[in-house]
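Asker: In case you want the letters, here they are:
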Amino acid sequence: MGPQGDFLQVLREQGYALDNLFPSSNGNGGFNQADVTTGTTVFAMKYADGVLVAGDRRATAGNVVMYDRTDKVLEIDRFSVLAIAGVPATAFEMARILEHSFKYYRRSQLQDLSFEGKLRALATLLKNNAPAALAGTGTVAPVFAGYDAQEGCGKIFFYDILGAEFEAVEYAVSGSGSPTIRGILYYMNRWGNGPVGGLNEEDALIFVLRLMTSAAEFDSATGGVDAQAQLYPIVKRISAEGVRTIPADRLKTLFSDKVLNNV
Amino acid sequence: MYEEPYRWIEAVANRRTYLDDQFIQGNPLIAVSFARGILLLTVNRGTEKIYEIYDRIALGGMGHPADLEKLRYTLLDMAHVEGFQRSPSDVTASRLMKNGLAPVIKQAFEEIFKAPYITKVLLAEVGATQDRDHLFSINYDGMFEEQREFGVLVSSSSIRETLSQEWKAQGRPTSLQAAIEVSLRMWGISSLLQTDTPSPDEEEKGAVSAPTTSVATIPDKETIASRIRETLSRETLECVLLDRESGKMETYHTLCQAELQPLIPQSFVPVIER
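So the protein lines, in turn, are chains A and B. First residue of the first sequence? That's 1 in my numbering, and the numbers climb one at a time after it. First residue of the second sequence? That's 264 in my numbering, and the numbers climb one at a time after it.
Okay, chain A solo, but in the shape it has when bound (with noise of 0.2 Å):
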């Protein structure tokens, strides 16, 4: 039984092994870090109403492109989005587990988790993966997105592989294309038209997508926004009412009437 609705010790008691989700390469030889299929760019920056998660579709391993089509911003609950950069068999299961817990803790509480205590427990997950993270067979990045009820506003923080935890004022970016967002972002709100943040869903959904183009420019591993393949990045925004995925369709609209043709 979880005493405090702490289900990591229920799945403890069952035998799980939670605290070794991939073990770490034991030198026996024939591990490639080329081989580890890996996530890419994601980033996530508040906007006027909350904030916006965003990431590309694309999976590599080494130079191969695994996967154009992967879903790397989580919605974890109502309220919460879990954005991966990194290995993703540790991050999806990392994901599914974060999920369950905050399942279990309101259900059997009767109570939603903190804020807080939802950072806590990525924190937690990623430290107990650092074994795994080092040897690069588990190494997850992440970015936590959610809407803070006590204190009614949206908030972003990142992690480093093991687990430390920055809190974001504007805007926070993972992964191989993260730089080129970065540095675009930086720009924008030093000497751009005002603060990003300032930016209505319309404005702030262009400027994603066009972030996104950028990343893809400079970074292979990238997968951007491809039209022709109907290939879109996953966006979400989250605010007061919660977490909503932004349809293709509407990414569709904005992305052939305002980032292919230079207006």
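The hints are simulated quantities; they were obtained by calculation from the structure and are not laboratory data. Hints are supplied without guarantee of correctness; some may be wrong.
[Said to hold, decoys possible] Short, incomplete list of chain B residues facing chain A, as computed with Cβ under 7 Å:
(1) 315
(2) 341
(3) 344
(4) 347
[Unchecked claim] Taking lysine-lysine pairs in the DSS-like style, the calculated list, with each CA pair at most 27 Å apart, reads:
(5) 236/A / 155/A
(6) 361/B / 377/B
(7) 333/B / 377/B
(8) 236/A / 258/A
(9) 511/B / 236/A
(10) 155/A / 127/A
(11) 511/B / 155/A
(12) 484/B / 431/B
(13) 511/B / 252/A
All C-beta atoms in this analysis are idealised placements derived from N, C-alpha and C, irrespective of residue type, glycine included.
Could you slot chain B onto chain A? The hints should help.
Answerer: Then chain B, alone, in the frame of chain A:
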């Protein structure tokens, strides 16, 4: 002294009498499956009796809150481990009942040196369509059964039988409002029959003179309405909808007082004395 078989049988029989007595003061619980989902309804005196177990599964209870809490945790653990290790669609009320609840309750009931669970439990699972809805109820002795469309927790099995007959005799609710109305009415009937049924002792005494008491008659409309009005004036109505049309993984929705107010038939609303 319990080594002798007949002593054991006697002890179990005593246990039944004791437990049956305990439930007479309890609040009945009604579950109704209709087009929109499953409605669970009861009234409480401060402790909730309806809980969320998993994405599509709710629990309704009658009896001692501490026992209910223990069983609730058993179900939560089982459901979440299963949903995590397999898939959320593998978590079913049927398996929770058969593998999770029934053995635990039966064992506690039959171990006569330990305390039994003073509780009856109903599990409701909402499906993609109404014919895939499931309602299971279990008695304090571990006997469980599946019910279609209508489920009830009430002090005795004879009242339960009467209610099932009554359910068959009436029209099916098509809207949430209709489901609330019919559930309240069934709740009122259960509550009246439960308190009007003579306790086992009295039944024995009265058996000689009036053997017809075993056939319960449905109280008239006004009696039911007045029982509901009287109860709602001092206790809290608790309503949960497992919403088939929620469009999300999670279907559990507690109807708050503001949502309930316009849905309760006027004749059931307590009159506020000024």
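Asker: Hints first: check each against the structure and report whether it holds.
Answerer: Verification of the supplied hints:
Because the beta carbon of residue 315/B sits about 5 Å from the nearest beta carbon in chain A, less than 7 Å, this interface hint is met. For residue 341/B, the interface hint is violated, the least distance from its beta-carbon to any beta-carbon of chain A being 10 Å, above 7 Å. Nearest Cβ of chain A to the Cβ of residue 344/B: about 5 Å, under the 7 Å cut. The hint holds. Checking residue 347/B against chain A by beta carbon gives a least distance of about 5 Å; that is within 7 Å, so the hint holds.
Distance check on the hinted pair: residue 236/A and residue 155/A sit about 14 Å apart at the alpha-carbon level, within 27 Å; holds. Under the criterion of a C-alpha separation no larger than 27 Å, the hint pairing residue 361/B with residue 377/B is consistent with the structure, at around 22 Å. Pair hint residue 333/B plus residue 377/B holds up; C-alpha atoms about 15 Å apart against a cutoff of 27 Å. About 19 Å separates the Cα atoms of residue 236/A and residue 258/A, which keeps this hinted pair within 27 Å; it holds.
Proximity of residue 511/B to residue 236/A is assessed by CA-CA distance (about 16 Å); at most 27 Å being required, the pair is judged to hold. For the suggested pair residue 155/A and residue 127/A, the alpha carbons sit about 22 Å apart, so the restraint of at most 27 Å is met. Restraint check for residue 511/B and residue 155/A: the C-alpha separation of about 24 Å stays at or below 27 Å, so the hint holds. A distance of roughly 17 Å separates the Cα atoms of residue 484/B and residue 431/B; the hinted pair therefore holds under the 27 Å criterion.
Proposed proximity of residue 511/B and residue 252/A is supported: the alpha carbons are some 25 Å apart, at most 27 Å.
In this structure, only the earlier hint numbered 2 is contradicted, and the remaining ones agree with it.
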